[in-house]
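Visitor: Chain by chain, the residues run as shown.
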Amino acid sequence: MLALLACVLTLLIASALGSKPLIDTLMRLAIFGLYAVSLNILVGYTGLVSFGHAMFFGFGAYAFGLLMQTGVTSLPAAALASLALSAALALIVGALCIRLADIYFSFLTLAFQMLLHAVILSWVSLTGGDQGLQGGIPRPRFLGINLADPWQVFVVTTVVFFASLLAIRTILQSPFGYALRMVRDNAPRAAALGLPVQRYKLAAFVIAGLFGALAGILMALYVSGAYPNFAFWTLSGEGMFMIMLGGIGVFLGPVLGAAIFLLLNDTVTRFTEYNGMVMGVVLLVVVLGLRQGLLDVVMARLRPR
Amino acid sequence: MTAHLAIADLVKHFGGVVATDHVTLDFPPGSLTAVIGPNGAGKSTLFNLITGRIRPDGGQVLLDGADIAGLAETAIVARGIGRAFQIASLFPSFTVAESLAAAILAHRRQTHRMLTRFPLAAARGRADEVMHLVGLDAHADRLAQHLSHGDQKLLDIALALALDPGVLLLDEPTAGMGRDERWQIIETVHRLWSARRMTMIFIEHDMDIVFKIAQSVRVLKYGRVLAEGTPAEIRDNDEVIAAYLGARYAKAAP
Amino acid sequence: MNLDAFAGCLSSASCLITQTSAGLIIGMLLFLVACGVTLIFGVLGVINFAHGAFYMLGAYLALTAYQLTDSYLAAVLCAAAGVGLFGVAFDRLFMSRVYNSNVLMQLLVCYAFVLILDDAVKMIWGAEFQSMGMPAVFALRPLHVFGGLVPPFYVFLVAVTVAIAIALGGLIERTLFGKIVRAAAVNRQMVSALGINTSLLYASVFGLGALLAGAAGALAAPVRSATPGMGVSILIESFIVTVIGGMGSIAGAFTAAVLLGLVRSFGSIGFPLFTDGLMFGLMVIVLLIRPQGLFARGSA
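Residue numbers (the working numbering), protein chains in the order written: chain G, -7 to 297; chain B, 13 to 266; chain L, 367 to 666.
Just so you know, the hints here were simulated from the structure itself, not pulled from any lab data.
Just so you know, these numbers come straight off a predicted model, no measurement behind them.
Where is the CB? At the ideal position from N, CA and C, for every residue including glycine.
There may be inaccurate statements among the hints.
Pulled from the structure, derived: some chain G residues nowhere near chain B, Cβ distances all over 12 Å [stated by the list, open to error]: (1) L4; (2) L9; (3) L14; (4) V64; (5) I163; (6) S166; (7) G169; (8) A183; (9) L185; (10) A195.
Taking lysine to any residue and the SDA-like style, the derived pairs with C-alpha atoms no more than 20 Å apart in a straight line are [what the hints assert, rightly or not]: (11) L/K488 x G/M269; (12) L/K488 x G/N257; (13) G/K12 x G/S216.
Please take these sequences and the hints and turn them into a complete structure.
Guide: Below, the structure is given as structure tokens:
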């Protein structure tokens, strides 16, 4: 209900103001907000610190773009097919990664993501290598929706964003979501209560991968293309940066984090080409100074003991 | 619900060390047994073997006659063996009520549900029941990490109890507590056992507690069974006195 | 895929020699970086994601030192010492604050430093590829071995790395420091309970790891061009090395590094597109069969 309201409100405000930069900003916020929330299913709710989440963002974008380019004529069909492929990828990679504990897990996810990145770069005939997918992504009409129109892309993205948030929220508030929290808080105890811990870790990995890929698909739609840096490790790092900024313990924390991150990054980029330096320092201050995200701090103040 | 637990010729090695050396023990349905022994006697290892956290190298664990040795931990829990830990093992960010509801759902295999809201009403009702049973009602909405030490131990036991187990294993339920708290928790434990008549086995170092509530006692040393019998028999057993109980109980014996 | 070229190379002594020597070079550099990763992990229980950036820093420091002094020896020493000191500072000032936090915090601190160091290098040395060129000492004619060409620098690099590996093995196996390091790898709590100054231990292990990465960067400078961001790929590969060799094992790291180097160099002939895939395939097989690594001591 709240999601529907927020969705309509966003669309109304955007259409009232109708400014192109605002719409662009909101688009990117929706895409990276969804990406960060999907990563937080793993980091914040399951306690699995994935350093390779951009793998799914990139894979979703490329799979969607390639399917559309190679003759799938229905846009929703291509989107669904790329989601299915992403889920399969997440299942395989996840099954390997969850065999390793903690920090090994982080490294292994990073390694697999870099493998995908290397494949994208070297398989030039399919992916266009470092130039990215060439020629744009065809956007045929479906259900009377014309995605060649930027405004309609924005509407679709906004609706998908809020629907996904609602879906993820529902999943996290369900018995399944609490099983993930049990794994995060104390996996051995969860096992001693009869919870098949590994299966739940894998399920979380697949669900997170799925929504990460959805964010990638939206990105491909937005820029009408796919680029190797969608699957580069820095995007995984940025995802963690976002959720750390906003707060890992609060559902909407990552969205706030994404907003701050994008704003900060845009501002910094305007003043200096060394934005990595500035962002790195900001990150250090947040991690070593606050030790938690902004919404985490707020919630800790609000919560009675 | 109650069950018959028996262990036959159980063996476990860690490298060159024999942690469990051909142990054979019987825990009749509805019995309340204390397992005692010096540090390193293999008491916790025995619990780990029974619950499937570690796999035995040989021997059997019989639950109502069926061999469960070597099964996965989750499969053994499903068959009704619950366990509480020496150091309370909880879900720190869960409230008491949430912890119990989650344990119940995990046990009922309902945690795969993604579209209903946690907790399901049925689980909530059962959680209330368990909370009442151990006397944690007043703390239902407090986070596990904010509970007092004694209440954390109670919650740990309640988590195991939520599974309605036929066999309940308690690893030092009074570890790290003050005297008064100890007796409080032990009274609760004894009350639970009297009310439910499950088969209960507990590891304990405080001999006053052991001799007060246990129906029978098993003594382990170096991974072997040193003695078994009623508290009175154990108190008079010269070997046990020499190996473990020491002078205090020797003098008390006539 | 080019199986003809691959078969052709396998049947030609000169190609075998050339590719093997190239593979060994890659393996040696990988080993130097990986054994820092594995040492730090073994003792501190932390994976230093910034380790690749240390390697990059080493290459750039060597570059500058070489331009200033014109001596390659000075360049290597300067890079190793400089990066080693940087590692100690990094550990004491930043990482030590998150040793007791979760993995996320440790990762983010490392990530922040990768961002900062990459940009710092860009600021100081520029974003373009930089090359040291072959130092005059090694600008000799290549050696002919069975018809294959082996640059003298390759021989030097292998010799130096093997010497470092042996010295490291001796340090770990025969000295008090090594004893503590081995004990810490088994049980970290025990070491601090024994009254050993863990801050000093952590700083020195971190420093040693960084020093090796710095040396690797300096040794790579004559044969690789330096670029900001060069650390990431060697970080990933050195992680694959530690997975295959077993975390905490120096001998395992050496063997796995050489293996991976050879896979890279021969793979680039037969399967240029899938060289990365080959390395990962190797890692996945090890993970499935022996998750603790091929050379790990005892159980994981």
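Visitor: Run every hint past the structure and note whether it holds.
Guide: Here is how each hint holds up against the structure:
1. In this structure G/L4 is separated from chain B by more than 12 Å, as the shortest Cβ-Cβ distance comes to about 29 Å.
2. Interface exclusion of G/L9 from chain B stands, the closest Cβ pair being 36 Å apart, more than 12 Å.
3. With a least beta-carbon separation of about 35 Å from chain B, G/L14 lies farther than 12 Å from that chain, consistent with its non-interface assignment.
4. Residue-level check passed: G/V64 sits 29 Å from the nearest beta carbon of chain B, beyond 12 Å.
5. With a cut of 12 Å on Cβ distances, G/I163 falls inside the contact zone with chain B, its closest approach being about 5 Å.
6. The beta carbon of G/S166 is not kept farther than 12 Å from every beta carbon of chain B, the shortest such distance being approximately 5 Å.
7. Distance to chain B contradicts G/G169 as a non-interface residue, since its nearest Cβ pair spans about 7 Å, not more than 12 Å.
8. Its beta-carbon lying about 5 Å from the closest one in chain B, G/A183 breaks the requirement of being farther than 12 Å from that chain.
9. Its closest Cβ contact with chain B, about 5 Å, brings G/L185 to no more than 12 Å, contrary to its assignment away from the interface.
10. A Cβ of chain B approaches the Cβ of G/A195 within 12 Å, the least distance being about 8 Å, so the stated non-interface status is violated.
11. A hinted pair counts as satisfied when its Cα atoms are at most 20 Å apart, and L/K488 with G/M269 qualifies at roughly 10 Å.
12. At most 20 Å may separate the alpha-carbon atoms for a hinted pair to count; L/K488 and G/N257 meet this at roughly 18 Å.
13. At most 20 Å may separate the alpha-carbon atoms for a hinted pair to count; G/K12 and G/S216 meet this at roughly 17 Å.
In this structure, the hints that do not hold are numbers 5, 6, 7, 8, 9 and 10, in rising order.
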